[in-house]
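Number of protein chains: 2
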Amino acid sequence: MGEYRALTEQQAVEYARNVPGLFEKDAELVSREIGDGNLNLVFHIIDKKHGKSTIFKQALPHLRVIGESWPLTIDRSRIEAEALKLQDSICPGMVPKVYFNDVDMSLSMVEDLSYLKIMRFELMKMRKFPKFPEQIGKFLARTLFYTSDYHLDPIVKKELVKKFINPELSKITEDLVLTDPYYNAGTNDINPEIMGFMRDVWWKKDALRLEVTKLKEAFMQKAQSLLHGDLHTGSIFIDENEMRVFDTEFSFYGPAGFDIGAVIANLILNYASWAGRDDATAEQTADYRAYLLETVAGVYNAFESYFSEAWDSDARPEFKDVKGYKEYVMREIFEDAMGYAGCKTNRRIIGFAHVADIQTIKDEKRRAAAQMLALSIGEALIMNRAKLKGIDDLITLIKDFT
Amino acid sequence: MGEYRALTEQQAVEYARNVPGLFEKDAELVSREIGDGNLNLVFHIIDKKHGKSTIFKQALPHLRVIGESWPLTIDRSRIEAEALKLQDSICPGMVPKVYFNDVDMSLSMVEDLSYLKIMRFELMKMRKFPKFPEQIGKFLARTLFYTSDYHLDPIVKKELVKKFINPELSKITEDLVLTDPYYNAGTNDINPEIMGFMRDVWWKKDALRLEVTKLKEAFMQKAQSLLHGDLHTGSIFIDENEMRVFDTEFSFYGPAGFDIGAVIANLILNYASWAGRDDATAEQTADYRAYLLETVAGVYNAFESYFSEAWDSDARPEFKDVKGYKEYVMREIFEDAMGYAGCKTNRRIIGFAHVADIQTIKDEKRRAAAQMLALSIGEALIMNRAKLKGIDDLITLIKDFT
Numbered sequence: 003m004g005e006y007r008a009l010t011e012q013q014a015v016e017y018a019r020n021v022p023g024l025f026e027k028d029a030e031l032v033s034r035e036i037g038d039g040n041l042n043l044v045f046h047i048i049d050k051k052h053g054k055s056t057i058f059k060q061a062l063p064h065l066r067v068i069g070e071s072w073p074l075t076i077d078r079s080r081i082e083a084e085a086l087k088l089q090d091s092i093c094p095g096m097v098p099k100v101y102f103n104d105v106d107m108s109l110s111m112v113e114d115l116s117y118l119k120i121m122r123f124e125l126m127k128m129r130k131f132p133k134f135p136e137q138i139g140k141f142l143a144r145t146l147f148y149t150s151d152y153h154l155d156p157i158v159k160k161e162l163v164k165k166f167i168n169p170e171l172s173k174i175t176e177d178l179v180l181t182d183p184y185y186n187a188g189t190n191d192i193n194p195e196i197m198g199f200m201r202d203v204w205w206k207k208d209a210l211r212l213e214v215t216k217l218k219e220a221f222m223q224k225a226q227s228l229l230h231g232d233l234h235t236g237s238i239f240i241d242e243n244e245m246r247v248f249d250t251e252f253s254f255y256g257p258a259g260f261d262i263g264a265v266i267a268n269l270i271l272n273y274a275s276w277a278g279r280d281d282a283t284a285e286q287t288a289d290y291r292a293y294l295l296e297t298v299a300g301v302y303n304a305f306e307s308y309f310s311e312a313w314d315s316d317a318r319p320e321f322k323d324v325k326g327y328k329e330y331v332m333r334e335i336f337e338d339a340m341g342y343a344g345c346k347t348n349r350r351i352i353g354f355a356h357v358a359d360i361q362t363i364k365d366e367k368r369r370a371a372a373q374m375l376a377l378s379i380g381e382a383l384i385m386n387r388a389k390l391k392g393i394d395d396l397i398t399l400i401k402d403f404t
Numbered sequence: 003m004g005e006y007r008a009l010t011e012q013q014a015v016e017y018a019r020n021v022p023g024l025f026e027k028d029a030e031l032v033s034r035e036i037g038d039g040n041l042n043l044v045f046h047i048i049d050k051k052h053g054k055s056t057i058f059k060q061a062l063p064h065l066r067v068i069g070e071s072w073p074l075t076i077d078r079s080r081i082e083a084e085a086l087k088l089q090d091s092i093c094p095g096m097v098p099k100v101y102f103n104d105v106d107m108s109l110s111m112v113e114d115l116s117y118l119k120i121m122r123f124e125l126m127k128m129r130k131f132p133k134f135p136e137q138i139g140k141f142l143a144r145t146l147f148y149t150s151d152y153h154l155d156p157i158v159k160k161e162l163v164k165k166f167i168n169p170e171l172s173k174i175t176e177d178l179v180l181t182d183p184y185y186n187a188g189t190n191d192i193n194p195e196i197m198g199f200m201r202d203v204w205w206k207k208d209a210l211r212l213e214v215t216k217l218k219e220a221f222m223q224k225a226q227s228l229l230h231g232d233l234h235t236g237s238i239f240i241d242e243n244e245m246r247v248f249d250t251e252f253s254f255y256g257p258a259g260f261d262i263g264a265v266i267a268n269l270i271l272n273y274a275s276w277a278g279r280d281d282a283t284a285e286q287t288a289d290y291r292a293y294l295l296e297t298v299a300g301v302y303n304a305f306e307s308y309f310s311e312a313w314d315s316d317a318r319p320e321f322k323d324v325k326g327y328k329e330y331v332m333r334e335i336f337e338d339a340m341g342y343a344g345c346k347t348n349r350r351i352i353g354f355a356h357v358a359d360i361q362t363i364k365d366e367k368r369r370a371a372a373q374m375l376a377l378s379i380g381e382a383l384i385m386n387r388a389k390l391k392g393i394d395d396l397i398t399l400i401k402d403f404t
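Chains A and B, in that order, give the protein sequences.
Heads up, the final residue of the first sequence is numbered 404 in our numbering, and it's a clean run with no missing numbers.
Heads up, the final residue of the second sequence is numbered 404 in our numbering, and it's a clean run with no missing numbers.
Hint data in this document are derived by calculation from the structure and do not stem from the laboratory.
It cannot be assumed that every hint is accurate.
When chains are identical, the list treats them as one kind, so a pair holds in a single copy or across two.
Once the Cα atoms are required to be at most 20 Å apart in a straight line, the calculated PhoX-like pairs of lysine-lysine come out as [unchecked claim]:
#	residue 1	residue 2
1	LYS328	LYS216
2	LYS216	LYS165
3	LYS322	LYS207
4	LYS206	LYS322
5	LYS328	LYS206
6	LYS325	LYS207
7	LYS364	LYS54
8	LYS207	LYS328
9	LYS119	LYS133
10	LYS325	LYS206
11	LYS322	LYS173
12	LYS173	LYS207
13	LYS401	LYS389
14	LYS87	LYS99
15	LYS216	LYS325
16	LYS216	LYS322
17	LYS87	LYS165
18	LYS173	LYS389
19	LYS364	LYS127
20	LYS140	LYS87
21	LYS164	LYS133
Input sequences plus hints: build the corresponding full structure.
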């Protein structure tokens, strides 16, 4: 405990050894650095003698990016641990257990989930996860409903809003996702093959920028539900049976549709990637894309079904007793989800942070083909979010582009 | 300083005497209780020797209402003083100066504005204030714009959101304004003459309750601007030249249209009152109502003009550079203002707290006439807020009812 200092690997191991109840007294601890060291220190610490293990994560006060240093509050460690604990209470077994956290040192010890795989890399191998829609749909519905005004005492909810105000990490999303891709910003990272399209067409789309700015404003102002805030397929551990959501440091109160949109966007990005990849047959691609679209529909349908069920059981009377209100809320969430799915798709093509699904396509022309498909879908989602009647319309829209 | 204790009048005077720089050493202080003692202690303290004075206000930990005690956080004193200071920095001379505040004791000493009159009682005497639209329009535009994301650094703005989270006082509005009037709640206070209409008609208006609940949700979730939060004509000091807004303890981040709606609602309530009063000639009533409608239009037009001016000078580029965005924001604020004006009108007829404009009409039948007119306008405002093209449509709507 005490004043913050970034720990060395050896210090981290010693720190872990002294956390009461975490390891046995005679533990033989070995550690392996598994983070990229840009944002957090992450060590996988194993007791070889008793087979216990933990993930040790400490927030660093700077985000190190290409040649510069971006100061970033270490308060995100508190937010991450608090969000995980709250989500675990709402959806037991769907996030890593937090064994211990030290707010002053901005570190936590969480459940070791290294027996699971990162979903993004599995999708890139055309793996299928039939239980995923049900799992993530339940996670989304329950975390978004049970942290909202529809369920919580309004005084409790406002204390949670206060606790999770997360200005610096929210600003990353506001800038990199909801602003920069829509003009020629220095933070963008653009395939030279699509640079002409950016200059001549994309950055002249005033109507698109207007709609994205409306979504940005809602992201900044609409304290509807406690969000994960960064729910892409790289924040999901998975196997055939189990799914866990992690990396909740972007958590804050925002529009419920944002997390749903993030999941859908990352499925769309994988869908688009096959337009540029040359390591699958046409049949394999068609089959996997059909699976991805089924998954998109499945995720949304599961979300709706669990959300509706939670509403019927546990909504506060002042909302539940109002005829048509559940339908109004679910429609608003749908439109937001579609809009943010579009924003999250586009930013991974134009913006600062790309996804491996598409970025691993070495050939710039082939990569551009995948990117242009993603942008077409992303734009259509944003511009048509009020017109789509339901998730099936989204599937039709995506199919119409391919 | 030190732990909270409610002060007696004599202790308050002694406390004031010891605040550095407030009174002279040889001040001859006299005090007069001017609050109603239900929510706050309020003393008017005057130094008879040097002619200086202050308003001493201390928050009480309970709201005493008809036979019961409602615990209410004394943190509202901090919020009130902070909001006044922020508003004074944005609109100098439009709120009382805060000379001193003591967060632990939940008290503050503010500028004595007793040379001005409470606007509500002046309207009840058919007084006219030609400068008011310009004054309040400027106050609304500047306080709502300069505390919003359109102007502030997003990190600064989120710290302000956190500072002004005001759960208990917000809940009073959520319940008494945005929920209870739309069903047969125990908190309502209803003229027996309109009770039949309530039971047979009003509480069966599902579409109205649905729209009000949408406005309630936005009130709870949309952290757009720092609001006054209770901006009725009893929170405004006025004379021919000067206007000051006070009583900011409900201040929090909410939808900008709420404060504008509150001002308009209180002008409408006075307008409606003349349908029940018998102390003015038809000509006087027609003349004063014309003045009130001019004032409503004038307030909104001044708000729009100052808001637009502030946007053009001081909006952040990520909003200002987006074609059509100012128009989108101003339209959203207009619809919210109309909706909340309707809610604030209705609650003063059906809900817990009434207004003197109408409540002073002794005859129940005459009072009912004023009340029914107010409810008709209130409902129309809520139901037609998306259809009204601008403030002139509101004036037409009101005239159509009379």
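Against the structure, the hints:
1. LYS328 <-> LYS216: Classified as between; 11 Å across copies, 23 Å inside a copy.
2. LYS216 <-> LYS165: Neither. Shortest intra-copy (25 Å) and inter-copy (25 Å) distances fail the 20 Å Cα cut-off.
3. LYS322 <-> LYS207: between (41 Å within a copy, 16 Å between copies)
4. LYS206 <-> LYS322: Result: close only across copies, 16 Å inter versus 44 Å intra.
5. LYS328 <-> LYS206: Result: close only across copies, 18 Å inter versus 38 Å intra.
6. LYS325 <-> LYS207: between (39 Å within a copy, 10 Å between copies)
7. LYS364 <-> LYS54: neither (40 Å within a copy, 78 Å between copies)
8. LYS207 <-> LYS328: The answer is between: 17 Å across copies meets 20 Å, while 34 Å in one copy does not.
9. LYS119 <-> LYS133: Classified as within: same-chain Cα gap 15 Å, cross-chain 68 Å, threshold 20 Å.
10. LYS325 <-> LYS206: between (43 Å within a copy, 11 Å between copies)
11. LYS322 <-> LYS173: Intra 34 Å, inter 18 Å, cutoff 20 Å: inter-copy only.
12. LYS173 <-> LYS207: Answer is neither: 23 Å inside a copy and 42 Å across each miss the 20 Å cutoff.
13. LYS401 <-> LYS389: within (17 Å within a copy, 37 Å between copies)
14. LYS87 <-> LYS99: within (7 Å within a copy, 44 Å between copies)
15. LYS216 <-> LYS325: For LYS216 and LYS325, only the inter-copy Cα distance (12 Å) is at most 20 Å; the intra-copy one is 28 Å.
16. LYS216 <-> LYS322: For LYS216 and LYS322, only the inter-copy Cα distance (13 Å) is at most 20 Å; the intra-copy one is 28 Å.
17. LYS87 <-> LYS165: Close inside one copy (13 Å), not across copies (25 Å); limit 20 Å.
18. LYS173 <-> LYS389: neither (29 Å within a copy, 35 Å between copies)
19. LYS364 <-> LYS127: within (16 Å within a copy, 79 Å between copies)
20. LYS140 <-> LYS87: within (17 Å within a copy, 46 Å between copies)
21. LYS164 <-> LYS133: neither (35 Å within a copy, 39 Å between copies)
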